[in-house]
Amino acid sequence: MSMLHTVNKSPFERNTLESCISLAVPGSAILLIEDGVIGAMANTKHSEMVKAAMANVKIYVLGPDLKARGLNEGNVVDGISVVGYGEFVDLTTEHSAVQSWL
Amino acid sequence: MEDGDQVIKKFMYMNRKAPYGTIYAWESLEVVLIAAAFDQDISLVFADDGVYQLMKDQNTEEVGMKNFSKTYSALGDYDIKKIYIEQESLEERGLSLEDLQGLKYEDEDDDWAEKDSIILVSRAELAKVIDEQDVVFSF
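Chains Z and S supply the protein sequences, listed in that same order. Numbering of the first sequence is given in this note's numbering, commencing with residue 1 and proceeding in unit increments. Numbering of the second sequence is given in this note's numbering, commencing with residue 1 and proceeding in unit increments.
Only chain Z is shown next, with the shape it has when bound in the complex (with noise of 0.2 Å):
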């Protein structure tokens, strides 16, 4: 079983997102939460990273998070799913371990 990784930071603060994407081994799955889920929008200075990732790894993002900072759903990066909080649960019981970064 793979890891899950959670990033609640945004790319344009912190590098967190960027170190996550290269420590994390092909197979595992990030979730994005909080701040972080700015990282999952299209469209912006880091999607193309974000994108090139998504070869490795699978990317999700927590959809209540992103409805409270008025970023639209559907205007995330192609190829991430949207969760809500029962998914979160289901991820981190799907997943061998969780590793939050901070």
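Just so you know, these hints were derived from the structure itself, not from any lab. Check before you lean on any hint, since a few could be wrong.
Said to hold, decoys possible - When the alpha-carbon atoms are kept at most 27 Å apart in a straight line, the in silico BS3-like pairs for lysine-lysine are as follows:
id: 1; chain 1: S; residue 1: 56; chain 2: Z; residue 2: 51
id: 2; chain 1: Z; residue 1: 67; chain 2: S; residue 2: 66
id: 3; chain 1: Z; residue 1: 45; chain 2: S; residue 2: 128
id: 4; chain 1: S; residue 1: 10; chain 2: S; residue 2: 82
id: 5; chain 1: S; residue 1: 70; chain 2: S; residue 2: 115
id: 6; chain 1: S; residue 1: 81; chain 2: S; residue 2: 128
id: 7; chain 1: S; residue 1: 56; chain 2: Z; residue 2: 67
Since the structure of chain Z is already known, use the hints to place chain S on it.
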């Protein structure tokens, strides 16, 4: 600048963080509303991730936090008329002014005509505005 016996200073509030993930955005708004009572020359800046504070259609129902985005529309009533938004910050995030809420004030010198408070500036223009301030508060 003097207004009667009172010295008016130029105060700038610099907002550079996204809302909700940290308390900075909300704290800044609270401080601005308090400071507005002291009749100073106030400017607000939204740059870097701070531009996300003004996104339209914020809905915090599911995250269980207070949606304070509607409070920004009250700034005009507190005589806050200069709200600078940095163009480059919007561009790097694939955003435009259309994605942000409009902010207005009523001009008492022009028969209370409703005017835009938002001033879109380049990074170079913003640098000059910052340089003119007496005090800059960072959030």
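Okay, the hints, checked on the actual structure:
1. The straight-line distance between the Cα atoms of residue 56/S and residue 51/Z is roughly 26 Å, inside the 27 Å bound, and the hint therefore holds.
2. The hinted pair formed by residue 67/Z and residue 66/S meets the criterion: a straight-line CA distance of about 13 Å does not exceed 27 Å.
3. A distance of roughly 25 Å separates the Cα atoms of residue 45/Z and residue 128/S; the hinted pair therefore holds under the 27 Å criterion.
4. Note on residue 10/S and residue 82/S: the hinted pairing holds, with a Cα-Cα distance of about 11 Å set against a maximum of 27 Å.
5. About 18 Å separates the Cα atoms of residue 70/S and residue 115/S, which keeps this hinted pair within 27 Å; it holds.
6. Of the supplied pair hints, the one linking residue 81/S and residue 128/S holds, its CA atoms being roughly 18 Å apart against a limit of 27 Å.
7. For the hint linking residue 56/S to residue 67/Z, the alpha-carbon distance of about 10 Å falls within 27 Å, and the restraint holds.
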